[in-house]
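Take the sequences, apply the hints, and build the full model.
Start counting at 1 in the sequence shown, then tack on 1190, and there's your number in our numbering.
One thing to keep in mind: the hints can contain errors.
[Stated by the list, open to error] Taking lysine to any residue pairs in the SDA-like style, the calculated list, with each CA pair at most 20 Å apart, reads:
{"no.": "1", "residue 1": "Lys1227", "residue 2": "Phe1200"}
{"no.": "2", "residue 1": "Lys1327", "residue 2": "Phe1200"}
{"no.": "3", "residue 1": "Lys1322", "residue 2": "Lys1227"}
{"no.": "4", "residue 1": "Lys1322", "residue 2": "Arg1205"}
{"no.": "5", "residue 1": "Lys1197", "residue 2": "Phe1286"}
{"no.": "6", "residue 1": "Lys1201", "residue 2": "Lys1320"}
{"no.": "7", "residue 1": "Lys1322", "residue 2": "Asp1196"}
{"no.": "8", "residue 1": "Lys1327", "residue 2": "Trp1211"}
It is worth saying that the hints were derived from the structure and are not from the lab.
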Amino acid sequence: MSFESDKAAFKEGLRVGGPTWFGVGAWGLVVGIAMIKAGLTLPQALGMTLLVFAGSAQLASLPLIAAHAPAWVIFATALVVNLRFLIFSAILAPHFAYLPWRTRAWLGFLTGDISVGLFMQRYPEFAEEKGKLAYLKALVFPNWAAWQIGSVIGILLGSQVPTSWGLGFAGTLAILCIMLPLIINRAAFAGVVVAGTVALLAVNMPYKLGLLLAVLLGMGTAMMLEEYLDGKKETATDKSQEEQA
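Put into structure tokens, the structure is as follows:
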């Protein structure tokens, strides 16, 4: 029975995640090309895509590497850009707390933004259900493969692709098509608006520090608004229960 439920969940995960694979591959292609254009050698670029596996952090770091920015600025930038994964971990942890830490570690490494969003749409509650792990694997494995295939192709072809092709813009459009449907509540939307506005206003800050500021303020806004809305919802529920009593 468990095998059948896992098999069904895995097939469902493949079906749900399938439409995102092309966009993920296109985004990986753009990042692969960007790494070569930024001056990384072939081994360095391949090592970065395999070990880092975080497109936003990679793109944020590349201009700093090219500008010979201090190492602490590069690491701080990548760290802040990826702080959202702390939230992802907090979201997923209750679903898979029973797994050994090694299993959770490699699953966490393979899990990206899109996989988390799609998983939470399918399993918004922490209730025990069969097939959760199979569903997550069906999301993360193809997502990782699509990214790596696209990125490696971009790395190998990076020196041959002229800048005039505008692949950076194409990659941006691809990732927007994937991510916009995942902005499913007011808190997330507010965070995106704040982060985008701050990023535009602070675009001229040295070492791309405006990006750090945008991420911090965007995340802070989303978290505070989410807490406020949850508190408001609980208050309304308590009031309704008191009236019924």
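Now for the hints, and whether the structure bears them out:
Restraint check for Lys1227 and Phe1200: not satisfied, since their Cα atoms lie roughly 38 Å apart, outside the 20 Å limit. Under the criterion of a C-alpha separation no larger than 20 Å, the hint pairing Lys1327 with Phe1200 is consistent with the structure, at around 7 Å. Distance restraint check for Lys1322 and Lys1227: the Cα-Cα separation of roughly 40 Å exceeds the 20 Å cut-off, and the hinted pair is therefore not satisfied. Among the hinted pairs, Lys1322 with Arg1205 is consistent with the structure: their alpha-carbon atoms are about 15 Å apart, no more than 20 Å.
Of the supplied pair hints, the one linking Lys1197 and Phe1286 holds, its CA atoms being roughly 18 Å apart against a limit of 20 Å. Between Lys1201 and Lys1320 the alpha-carbon distance is near 14 Å, which keeps this suggested pair within the 20 Å criterion. A C-alpha spacing of about 8 Å is found between Lys1322 and Asp1196, which places the hinted pair at or below 20 Å, so the restraint holds. This hinted pair checks out: Lys1327 and Trp1211 have alpha carbons roughly 14 Å apart, not beyond 20 Å.
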